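Add chain B to chain A, keeping to what the hints say.
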Amino acid sequence: MKVFFDTNVYVAEALSGDAARRMLAATAKAAWRISISPYVLDEIEQVMSVQLGFSRRFAFLTRRRARRRATLVEPGSSRHQVPGDPGDSPILQAAIAASVDILVTNDAVLLALTPYEGLEILSMSSYYRLLLDRRLLA
Amino acid sequence: MSHTAVDEILARIKELPDDDRLVLNEFLAQEEEAEWHEEAAKAREQAKTQGIDQQVIDRAVQAVRYGE
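Just so you know, the sequences run in chain order A and B. Numbering of the first sequence is given in my numbering, commencing with residue 211 and proceeding in unit increments. Numbering of the second sequence is given in my numbering, commencing with residue 10 and proceeding in unit increments.
Isolated chain B (complex conformation):
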């Protein structure tokens, strides 16, 4: 999609009345939720294969938090 087309869509979104914008936001949130579930199913298989459990996750958080 070209930048022009995206700009046109964004301009039309800005012109939407509040009620329609809420409907759009709800639709986009549902789309994201569906995509997250698809990605999560794949990621959990990958995590299982790689041995990523709660302890590994806790250590990863510590590593990011302390720049290890």
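Chain A with its partners taken away, still in its complex shape:
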């Protein structure tokens, strides 16, 4: 299984959610491949330091930690566009370029696209339930 996590999952792991921490750990423990893109890495830093006001050092460490656990995918030009929401297109394009099975996001516009050309787009809570159903979460 291959998974692409949107920015909010990594930020939640760092700042708040026990659920985000557990789902990332369970994904790694299951040896499912995690992909990430430079776009998400940049967003992690911007959201944590610029938008939420945490230290640049912590934002940088979180970026590096996300990168260490994932395979980097750098999508080139792509026909895949999110209708009416171009800001989400880089996330969709990276997930498609990485050929992942699941994109985990809480973005409502992306969630509305599922299924998208074989890609299942799940909210964090749905992905958490999937891990529970497969007995991958304690």
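Where hints are given, some of them may not hold.
Among the chain A residues that face chain B by a calculated CB cut under 10 Å, a handful are [as the list claims (entries may be wrong)]:
(1) Ala224
(2) Leu225
(3) Ser226
(4) Arg232
(5) Gln256
(6) Ser265
(7) Arg278
(8) Pro293
(9) Gly297
(10) Ile301
(11) Asp317
(12) Glu327
(13) Leu329
(14) Glu330
(15) Met334
Just some of the chain A residues that point at chain B, by a computed CB distance under 8 Å [to be verified]:
(16) Thr217
(17) Ser259
(18) Gln261
(19) Arg289
Across the chosen pairs, the derived CB separations fall in these ranges [as the list claims (entries may be wrong)]:
(20) A:Arg344 with B:Asp16: 27 to 35 Å
(21) A:Arg279 with B:Glu24: 28 to 36 Å
(22) B:Thr13 with A:Ser333: 48 to 56 Å
(23) B:Arg30 with A:Asp252: 22 to 30 Å
(24) B:Leu37 with A:Arg289: 38 to 46 Å
(25) B:Thr13 with A:Arg345: 53 to 61 Å
(26) B:Pro26 with A:Ser333: 44 to 52 Å
Calculated directly from the structure, the hints in this document are not laboratory data. These numbers were taken from a predicted model, which means no experiment stands behind them. Cβ coordinates follow ideal geometry from the N, Cα and C atoms, glycine included.
Just chain B, lined up with the frame of chain A:
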């Protein structure tokens, strides 16, 4: 630490054999991981105080993504 000292260290790292460089990289990754956990513990307390939950994080991502 002076630039000269840093340059010397970088030069020595470049001369390391591959196996030693892997050991060094692993050590640095473990150091970063430990630092991240220390910072995360403090940040989570701060986030709790400030009421930063999943909804706030989701909105912050949207704000950055759309330049709000």
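**Message:** I'd like to know which numbered hints this structure contradicts. Please list them from smallest to largest.
**Reply:** Hints 4, 8, 12, 13, 14, 17, 19 and 20 are the ones this structure does not satisfy, whereas the remaining hints hold.
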